[in-house]
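So the sequences go chain by chain: A and B.
Numbering of the first sequence is given in the numbering used here, commencing with residue 1 and proceeding in unit increments.
Numbering of the second sequence is given in the numbering used here, commencing with residue 1 and proceeding in unit increments.
Worth double-checking, as some hints may not be accurate.
Said to hold, decoys possible - Looking from chain B toward chain A, a few residues come up when the C-beta cut is under 10 Å (computed):
hint: 1; residue: Ile-8
hint: 2; residue: Ala-18
hint: 3; residue: Val-19
hint: 4; residue: Ile-22
hint: 5; residue: Leu-80
hint: 6; residue: Ala-155
hint: 7; residue: Pro-158
hint: 8; residue: Leu-168
hint: 9; residue: Arg-172
Simulated from the structure, these hints should not be mistaken for laboratory data.
Note that the structure is a prediction, hence the values are computed from the model and not measured.
Yeah, the Cβ is synthetic: ideal placement off N, Cα and C, and Gly gets one too.
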Amino acid sequence: MTFVRPVKKFARPLPMIFNSIVFALFLPFVFLVYWRLKTVPRRNAWLVLSGFFFYGWWDWRFLLLLAATALLDFYVAGRIAKCDTRKKKQRWLWLSLGGNLTVLGFFKYFNFFAASFKDLLAGVGLEADFVTLEIVLPVGISFYTFQALSYTLDVYYGKTPPEKNPVTYLAFISFFPQLVAGPVERASHMLPQFRAEKTFGYGFAVTGLRLMLWGLFKKVVIADNLAPLSDAVFRHPGDYSGVAVLAGVLAFTLQVYCDFSGYSDIARGCGRLFGFDLMENFRFPYFASTLREFWQRWHISLSAWFRDYLYIPLGGNRRGKPRETVNLFLTFLVSGMWHGANWTFAAWGAIHGTGLIAERLYRSAGLPRFPKAVSYLLTLFFVTIAWIFFRAATFRDAWILLDHLFTGNTPLREVTEKAWGHSHLPWAVLLLVCGFLVADYLLYRRVLQRMLFPHKVVRISIYYSVILLILLFGVFRNAPAFIYFQF
Amino acid sequence: MRKFLAHIALFLLPVFAAVTLIFFYPVSRSFSYNYMPGDCENRGAWLHARMLEDTTAADIVFFGSSHTMTGIQDMALETLLAARTGRTYRVANLGYCRIGEELPYVLLKDLLRTKKPQLVVLEVRERTSTSSQPVYPFLAEREDLVCPPSFAQQAYLPNVYNGWLLRLAALRTDVLGAADTVTLPAYSRFGYRFSEHTGDPAHLAQTKANAKKEHPSGLLRDVETHYPDRWIAQLEQLAAENGIQVCFLYLPSYGGLETNPEFLAARPGGIFLLPPPSLLDSPSCWRDPDHLNNKGAILLTTWLGEKLPVKE
Chain A
1 MTFVRPVKKF
11 ARPLPMIFNS
21 IVFALFLPFV
31 FLVYWRLKTV
41 PRRNAWLVLS
51 GFFFYGWWDW
61 RFLLLLAATA
71 LLDFYVAGRI
81 AKCDTRKKKQ
91 RWLWLSLGGN
101 LTVLGFFKYF
111 NFFAASFKDL
121 LAGVGLEADF
131 VTLEIVLPVG
141 ISFYTFQALS
151 YTLDVYYGKT
161 PPEKNPVTYL
171 AFISFFPQLV
181 AGPVERASHM
191 LPQFRAEKTF
201 GYGFAVTGLR
211 LMLWGLFKKV
221 VIADNLAPLS
231 DAVFRHPGDY
241 SGVAVLAGVL
251 AFTLQVYCDF
261 SGYSDIARGC
271 GRLFGFDLME
281 NFRFPYFAST
291 LREFWQRWHI
301 SLSAWFRDYL
311 YIPLGGNRRG
321 KPRETVNLFL
331 TFLVSGMWHG
341 ANWTFAAWGA
351 IHGTGLIAER
361 LYRSAGLPRF
371 PKAVSYLLTL
381 FFVTIAWIFF
391 RAATFRDAWI
401 LLDHLFTGNT
411 PLREVTEKAW
421 GHSHLPWAVL
431 LLVCGFLVAD
441 YLLYRRVLQR
451 MLFPHKVVRI
461 SIYYSVILLI
471 LLFGVFRNAP
481 AFIYFQF
Chain B
1 MRKFLAHIAL
11 FLLPVFAAVT
21 LIFFYPVSRS
31 FSYNYMPGDC
41 ENRGAWLHAR
51 MLEDTTAADI
61 VFFGSSHTMT
71 GIQDMALETL
81 LAARTGRTYR
91 VANLGYCRIG
101 EELPYVLLKD
111 LLRTKKPQLV
121 VLEVRERTST
131 SSQPVYPFLA
141 EREDLVCPPS
151 FAQQAYLPNV
161 YNGWLLRLAA
171 LRTDVLGAAD
181 TVTLPAYSRF
191 GYRFSEHTGD
201 PAHLAQTKAN
211 AKKEHPSGLL
221 RDVETHYPDR
231 WIAQLEQLAA
241 ENGIQVCFLY
251 LPSYGGLETN
261 PEFLAARPGG
271 IFLLPPPSLL
281 DSPSCWRDPD
291 HLNNKGAILL
301 TTWLGEKLPV
311 KE
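Model the full structure from these sequences, guided by the hints.
What follows is the structure, encoded as structure tokens:
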């Protein structure tokens with residue numbers, strides 16, 4: 001039995017991505033029509049249509065799935081609010097949880113668990129022949145499922161009233177800037193915005209464009225130019241060692257940050273064009289001096305989701321230290337699994353969970369604190385090593401890379417030539433990365449915001465400089481997809 | 001809102017100017033042929049070498065898709081034509097993977113920079129392909145990209161965009177240093193692609209059974225094929241201006257020879273080379289439903305040796 005992969009005429013290999021010509025045509029059109037419409041219901045209906053067009057651009061058949069899961073939660077939340085007993089509410093909640101997680105589990109994890117179970121049986125000498133299905137992972141399913149679940153959970157907990165208008169609710173779920181890769185928004189934050197009358201805010205829209213420009217720069221200039229180097233190392237882990245592996249791993253560390261935070265910036269900026277304030281998803285995570293701080297700055301929307309809907313319901317830190325440890329570990333294990341159907345993601349989550357537990361134990365034991373600089377470097381080192389498991393295709397590859405990182409020494413030129421051929425591009429990329437790190441630090445310390453942005457000429461010059469860099473160094477042809485599209 | 005739009009438009013003016021200027025950046029033919037993304041088996045570099053570097057004449061050139069690449073043994077054809085006519089004809093198989101009617105025109109234009117063929121043989125399939133050749137925007141000149149003979153092609157904007165990307169890549173290469181160029185392992189002026197493999201007879205039989213016997217005609221056909229027809233007309237005009245004869249060789253998939261191409265009705269005055277169905281009826285002549293193998297290529301080439309309209 002096969003779930004046939006979408007044939008060419010139904011599906012495109014990628015969804016409509018932000019750094020594409022088709023999006024550059026789509027966005028202004030949606031924007032202009034949106035602000036021409038005068039009433040909230042019409043604007044929301046237009047956003048639903050746009051969101052469905054945006055999502056259906058990849059494969060229209062999965063629109064049915066998106067609509068079905070959204071309407072299920074809309075209905076369930078309405079029933080939950082009408083229930084007078086907790087038990088009845090719980091039954092409806094389980095329906096929502098069961099429905100959403102079954103769909104997510106099927107599309108994302110069916111083959112993974114079938115193959116893993118088969119390997120497990122083979123490990124004890126038993127042969128099994130499981131059917132595996134050629135299942136297409138619907139783009140964004142992890143994101144919009146979690147967003148929809150947060151709605152029913154918030155209604156269940158009484159944090160937000162149920163939405164009465166299905167169009168408003170669909171607009172919330174299918175809002176195209178954050179539909180396929182987050183931020184995973186909360187109904188309590190977004191639904192009021194979808195209900196509110198809005199007037200066009202010049203300043204707000206300009207900050208949105210600024211965010212989009214910076215996000216585009218991070219994605220097409222930094223992330224996509226680093227991708228060949230990290231790919232060269234991670235695709236052939238046995239071929240390189242020492243500084244070459246380090247370069248590849250560091251390249252991925254920066255690539256994943258710029259790729260994902262770039263997407264989030266574009267999403268937030270896009271939202272601002274329509275008068276929506278999407279939550280900040282990244283807050284300079286690589287400047288964190290502890291793991292705890294890192295997770296307060298990295299993929300904030302998802303971390304908060306797991307904190308509020310998994311860690312706290314499990315008991316959080318309210319049931320003693322041993323239980324807190326287990327809860328923390330489980331939360332990060334599940335968080336790792338959320339990223340993909342591969343044990344390497346679970347390992348990545350487990351590593352972070354273990355690191356956080358160790359950090360808490362160290363703190364609560366009253367042991368001397370490290371100087372801030374050392375703490376910062378240790379955190380960065382830990383996070384970078386953990387990324388190896390995130391990016392590697394298999395455990396074996398990850399271990400090979402770890403081993404080769406500290407043994408041997410392939411000349412750096414070998415891996416840069418593999419990545420970029422014989423050109424001056426490696427130097428250009430190095431300069432760009434250094435420049436970006438300086439700029440990011442200055443943004444982190446709010447130096448740029450205080451000193452440069454208030455001056456119009458300086459501001460405009462910076463914009464043009466960034467655009468020039470995008471034109472000169474942006475990767476447009478065969479650009480890698482946004483990393484988080486695969487989740 | 002109006003103020004916002006006006007300011008955005010003003011701000012973007014220099015950006016559009018820069019983007020437009022990039023489109024005028026000069027690109028060498030060598031860069032274009034080496035840069036082509038999705039190039040099959042370094043064929044781009046070979047085409048450049050054969051057409052623009054190799055000084056050997058190309059009296060008879062074959063343009064088409066991979067059907068042509070695997071179906072015409074140019075070296076053998078030279079021998080056959082010499083035996084038949086007593087003259088020396090240099091044959092060049094300039095087929096390229098995938099199909100699209102813009103490419104033969106672009107290639108002929110390039111070929112005419114250094115050589116002047118006497119005869120152009122254009123591959124024809126069961127139905128005229130309406131798709132755009134993927135590498136066309138990387139080889140086309142700016143005016144052909146922006147003002148093609150027909151705009152009835154959904155790939156128009158992507159083609160212009162890809163043409164712009166090519167020029168951007170050329171600019172970056174000049175700034176950052178040359179990217180790796182393709183080194184052909186052992187250059188040969190003959191473009192035939194050899195294959196001994198024989199396809200699965202059952203699969204071939206299935207293809208033959210599924211082959212459509214009827215083609216649309218009239219207005220439906222005209223609408224569907226407006227774009228490729230205009231390009232073929234453009235090629236014919238270029239050929240006529242240079243005193244080059246054009247004929248069409250029917251190279252369908254397995255089983256397709258039993259039906260005339262729809263192109264035949266659309267071009268009543270054209271010179272058609274229609275291999276008889278019995279020539280390539282045996283599954284042993286086919287590598288797969290779309291491509292001849294060596295045995296099939298020999299049969300077809302031998303037949304062409306007798307039928308090509310050349311001076312005797």
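Here is how each hint holds up against the structure:
no. : hint    : result
1   : Ile-8   : 8 Å, holds
2   : Ala-18  : 6 Å, holds
3   : Val-19  : 7 Å, holds
4   : Ile-22  : 7 Å, holds
5   : Leu-80  : 40 Å, violated
6   : Ala-155 : 12 Å, violated
7   : Pro-158 : 8 Å, holds
8   : Leu-168 : 7 Å, holds
9   : Arg-172 : 7 Å, holds
Violated hints, in rising order: 5 and 6; the structure is consistent with all others.
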